[in-house]
Amino acid sequence: MRFRFEHLPGPSADVARPALEVAILGAAETITCLCLVDSGSLHNRFGAWVADLAGIDLHDAAEQTIGIGGVTIKARTVTATLQLAEFRWEAPVSFCHPWPFDFQLLGQHGFLRWFTVSIDAANETFDVTANTE
Amino acid sequence: MATPPEPVEPERRDHRRWAAATSSLGSRGARPYCFGMQQVVHLAEPATPAEVARAGRAAAELLRPFRGRYVGRLNGEIVAVADAPAEVVDRLRADHVVGAVVFRVPLDPSVDPGGATG
Chain A
1 MRFRFEHLPG
11 PSADVARPAL
21 EVAILGAAET
31 ITCLCLVDSG
41 SLHNRFGAWV
51 ADLAGIDLHD
61 AAEQTIGIGG
71 VTIKARTVTA
81 TLQLAEFRWE
91 APVSFCHPWP
101 FDFQLLGQHG
111 FLRWFTVSID
121 AANETFDVTA
131 NTE
Chain B
1001 MATPPEPVEP
1011 ERRDHRRWAA
1021 ATSSLGSRGA
1031 RPYCFGMQQV
1041 VHLAEPATPA
1051 EVARAGRAAA
1061 ELLRPFRGRY
1071 VGRLNGEIVA
1081 VADAPAEVVD
1091 RLRADHVVGA
1101 VVFRVPLDPS
1111 VDPGGATG
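Respectively, the protein sequence lines represent chains A and B.
Heads up, the first sequence is in our numbering, so the first residue is 1 and it goes up one at a time.
Heads up, the second sequence is in our numbering, so the first residue is 1001 and it goes up one at a time.
Everything labelled a hint here was simulated from the structure, so no lab data went into it.
A virtual CB, placed ideally from N, CA and C, is assigned to each residue, including glycine.
Check each hint, because a few of them may be wrong.
[Said to hold, decoys possible] Computed, partial: chain A to chain B, Cβ under 7 Å:
1) Pro9
2) Ala16
3) Leu25
4) Ala28
5) Asp57
6) Leu58
7) Asp60
8) Leu112
[As the list claims (entries may be wrong)] Computed spacing ranges between beta-carbons, pair by pair:
9) Ala1084/B with Thr30/A: 34 to 42 Å
10) Asp57/A with Leu1107/B: 48 to 56 Å
11) Asp127/A with His1096/B: 32 to 40 Å
12) Gln1039/B with Thr116/A: 42 to 50 Å
13) Arg1057/B with Thr116/A: 35 to 43 Å
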């Protein structure tokens, strides 16, 4: 699957990012989020608001303190069901609060082990191939 | 006692084969040359194609009025706008919109959230 970079308007210049629309399937709702493909992140990190709206129960998950982008954040990690196009997978997602970021993050263990990603920043496209075998 | 391995002379490259192997790089300005015993390919800075830049500007313009706000977007159109994601989801539900992506349009998209640790 080939995707275009997401073009985002900035105060002085626009920025193109390799971001994907990934759905997270909860008990109450399916929420489709804009997610940055982030090879610098070990794990999937989402804002806690996504779990709240999707109806994903975090009460039994232990709270951790983690650092993201220089910010200290509380995170609760559970296994969640995610979907990109027709591909669905279960992976740990850390739901974080506060979440001052505009993107959710797709990391190595929760995304890049399931998909092979090839980024062509010059042409602002990226190819995502599901690791089906 | 094990005999240490014989020193191996670095392989000398066949320059005709090297030129053939790298000929496809010529159109992008790549230039193979030798740096000591190592072959180096100098890469020219790539340019983003004009049509890609044009499409990108159009996509950014669609979002520009909503910087800092949460939106619901479906098939390239903004179908809901609010100050909180829950409000966007409520509006999508009320309008029976399925499959819209919900996100906050960054105030400054150059801020890097990446490199999560922990």
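Each hint tested on the structure:
With its C-beta approaching chain B no nearer than about 4 Å, proline 9/A sits inside the 7 Å limit, and its interface hint holds. Taking 7 Å as the C-beta cut-off, the interface hint given for alanine 16/A holds, the closest approach to chain B being about 6 Å. With 7 Å as the threshold, the beta carbon of leucine 25/A stays out of range of chain B, its nearest partner Cβ sitting at about 13 Å, so the hint is violated. Given the 7 Å rule on beta carbons, the hint for alanine 28/A is violated: about 10 Å separates it from the nearest Cβ of chain B.
Restraint check, aspartate 57/A versus chain B: the minimum CB separation of about 17 Å is more than 7 Å; hint violated. Proximity of leucine 58/A to chain B is violated relative to the hint, the smallest CB-CB distance being about 16 Å (cut-off 7 Å). A cut of 7 Å between beta carbons decides the hint on aspartate 60/A: the least distance to chain B is about 20 Å, and the hint is violated. The criterion of a C-beta within 7 Å of any C-beta in chain B is not met by leucine 112/A, whose closest approach is roughly 13 Å, and the hint is violated.
For alanine 1084/B and threonine 30/A, the hinted distance range of 34 to 42 Å is not satisfied, since their beta carbons lie about 19 Å from each other. As the Cβ distance of aspartate 57/A to leucine 1107/B is approximately 32 Å, the hint placing it in 48 to 56 Å is violated. For the hinted restraint 32 to 40 Å between aspartate 127/A and histidine 1096/B, the CB-CB distance of approximately 34 Å keeps it satisfied. Between glutamine 1039/B and threonine 116/A, the C-beta spacing of about 28 Å breaks the proposed range 42 to 50 Å.
For the hinted restraint 35 to 43 Å between arginine 1057/B and threonine 116/A, the CB-CB distance of approximately 30 Å leaves it violated.
Violated hints for the displayed structure, listed by number in ascending order: 3, 4, 5, 6, 7, 8, 9, 10, 12 and 13.
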